[in-house]
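K.L.:
Chains as they are written, first to last, in our numbering: chain X, 377 to 441; chain G, 3 to 247.
Hints in this document: simulated from the structure, not taken from any laboratory. Quick caveat: nothing in here was measured; it's all calculated off a predicted structure. Built from N, CA and C at the ideal position, the CB exists for glycine as well. No incorrect hints appear here.
Reference excerpt, derived from the structure (chain X facing chain G, CB under 7 Å, subset only):
#: 1; residue: Met388
#: 2; residue: Val395
#: 3; residue: Ser398
#: 4; residue: Val401
#: 5; residue: Cys405
#: 6; residue: Val413
#: 7; residue: Gln416
#: 8; residue: Leu424
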Amino acid sequence: MNWASWSDFFAMGGYGFYVWGSYLVSLLCMAGEIALVFNQKRTLLRQLSLIHKATQQEQNNETTP
Amino acid sequence: MAINWFKYSSPASFYSLAGKMIPLFSITAFALFVVGLYIGFFVAPTDFQQSEAYRIIFIHVPAAWMSMFLYLVMASWAAIGLAFNTRLSSMIATAIAPTGAMFTFLALWTGALWGKPMWGAWWVWDARLTSELILLFLYIGFMALQAAIDDPRRADKAGAVIALVGVVNIPIIYFSVKWWNTLHQGATVSLTQSPKMATTMLTSMFIMALACWMYSFAVVLIRTRTIILERERHTMWVSELQGTA
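Take the sequences, apply the hints, and build the full model.
P.N.:
Given below as C-alpha cells:
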C-alpha cells in the first residue's frame, strides 16, 4: 500500500493539484460527453414522435368525411 | 459458419445490433476504469524520479493513444464511405470525431498539468505538442466543415477529404520524439525494446487504454444510432419503430 492516510492520498506527494486536476477534468469531459450524447438522442426522439403524431393526425383528417 | 457481414452495413440492422452492444461496452468500460485506477493508485509503486506526479500517465498515455487511433479509425471509415458510397461508414466517421477531439483535448490538458511540475512549463512549442494541437484542429475542422454543409451526403464527402489529408499528421505525432529534439520523453512502450516501466504501471496503463476503447465504442455507437435515426427518418423502418415505441 502506497498511502499512510487519506490526506496522504489526496496530497499525492505534493503533486495533488496536478494529478487530481488531470483526473477531475478527464472525468468531467467523459461525463459531459455522455450527457451530450443522451441529450441529442432525447431531443431527436421527441422531434420524431411529434412529426409522427402530426402525420397520423393528417391521415385521420383525410379519411374522415 | 457463414456470417453475412454485409447485413450490418444496412443502417436498419446496424441500429438494432448497436443497441444490443451498447450496454455491454458501457459495463466493460466502467469495470475496466475501476480496476485500472485501483492498480494505478494503490498497487503501482511511487516513481523514484517523479514521485507521485507520474500517476498522470495512466490517463495521459491512453488519452493520447486514443486521440491517434480514433483519428485513423475515423479516416478509414470516411475513406470507405467515399470510395464505396456506403452511408453507414460515413455516419460512423461523423460519430467518432467528437470523441476523438475530446481525447485529444484530454491528452493536451493532462500533458500541461504534467509538464508544469516536471518541465516547469505548461506548454512549449515543440514537435510532439504542436502536432498534437494540430490534431485537435483537424478534428474541429472536420466537425465544423460537416456542420456547415446542409446536404449530409456532400458533408460526408467533404469531411472524408479533410480527414484523409489529415492522416499525414499521425506519423508526424508518433515519430516527432525521434525526428526532432524535444522536451517530451520518447515512447514508453515500443515493439522493439523491452518496457522501461514497472509491470504494475504498465498493467494499469493498458487496462486504462482498454477502458478508453470500450468507452469510445459505447459513446460512438450511441451517437451513430442518433445519426442513423435522423438521416433515415423518412424511411419505413423508422416510422415502424415510432409506431411501436
